[in-house]
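Letter 43 of the sequence shown, counting from 1, is numbered 412 in the working numbering, and no numbers are missing.
Just so you know, these hints were derived from the structure itself, not from any lab.
Values in this document were obtained by computation on a predicted structure and should not be read as measured data.
Here a beta-carbon is modelled for each residue, glycine too, at the ideal position from N, C-alpha and C.
Hints may contain errors.
As the list claims (entries may be wrong) - When the alpha-carbon atoms are kept at most 25 Å apart in a straight line, the in silico DSS-like pairs for lysine-lysine are as follows:
id, residue 1, residue 2
1, K378, K400
2, K400, K375
3, K400, K377
4, K380, K400
As the list claims (entries may be wrong) - Cβ pair distances, simulated, as ranges:
id, residue 1, residue 2, range
5, S393, D440, 34 to 40 Å
6, K377, L443, 29 to 35 Å
7, K380, L443, 29 to 35 Å
8, S391, K439, 17 to 23 Å
9, G402, V451, 15 to 21 Å
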Amino acid sequence: KRFTTKHKKIKELNLDIFYGDSDSDIIAALKAGVHPVRVVRNIESIDSYPNNYFGDVTNGKAKESPFDKKDLKLFYKGSVGVFGESIYPIKWKGPSRKRK
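All chains should be modelled from the sequences, with the hints used to inform the complete structure.
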């Protein structure tokens, strides 16, 4: 029920592919029968992710979140997520110059 609105809209738009950075985006795409693509943040900003299938990667593995930061790096390297989605890490170090 949590993904109903999003997956209905994806179907309504008749999409072939759906990009997202959260588990709910990937699950909604799968429910809509659309190929999911996960765009993930830089490994240095992973602490800002809410709990997801990687759980709290700073605390290591737990029953609810069986993956840790080392596993996350393996997923990035393989470019595939636990839902079978394609993964595209974004490697951005910030703006090239300071803003005034």
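The hints, checked one at a time:
A distance of roughly 11 Å separates the Cα atoms of K378 and K400; the hinted pair therefore holds under the 25 Å criterion. Annotation: proposed proximity of K400 to K375 holds, straight-line Cα distance about 9 Å (limit 25 Å). Restraint check: the Cα-Cα separation between K400 and K377 comes to about 9 Å, which is no more than 25 Å; the hinted pair holds. Distance restraint check for K380 and K400: the Cα-Cα separation of roughly 9 Å lies within the 25 Å cut-off, and the hinted pair is therefore satisfied.
The hinted window of 34 to 40 Å between S393 and D440 is violated, with their beta carbons roughly 20 Å apart. In this structure the supplied range 29 to 35 Å holds for K377 paired with L443, their Cβ-Cβ distance being about 34 Å. The beta-carbon spacing between K380 and L443, approximately 32 Å, falls within the hinted interval of 29 to 35 Å. Between S391 and K439 the beta carbons are some 21 Å apart, a value that agrees with the proposed interval 17 to 23 Å.
The supplied range of 15 to 21 Å is met by G402 and V451, whose beta-carbon atoms lie about 19 Å from each other.
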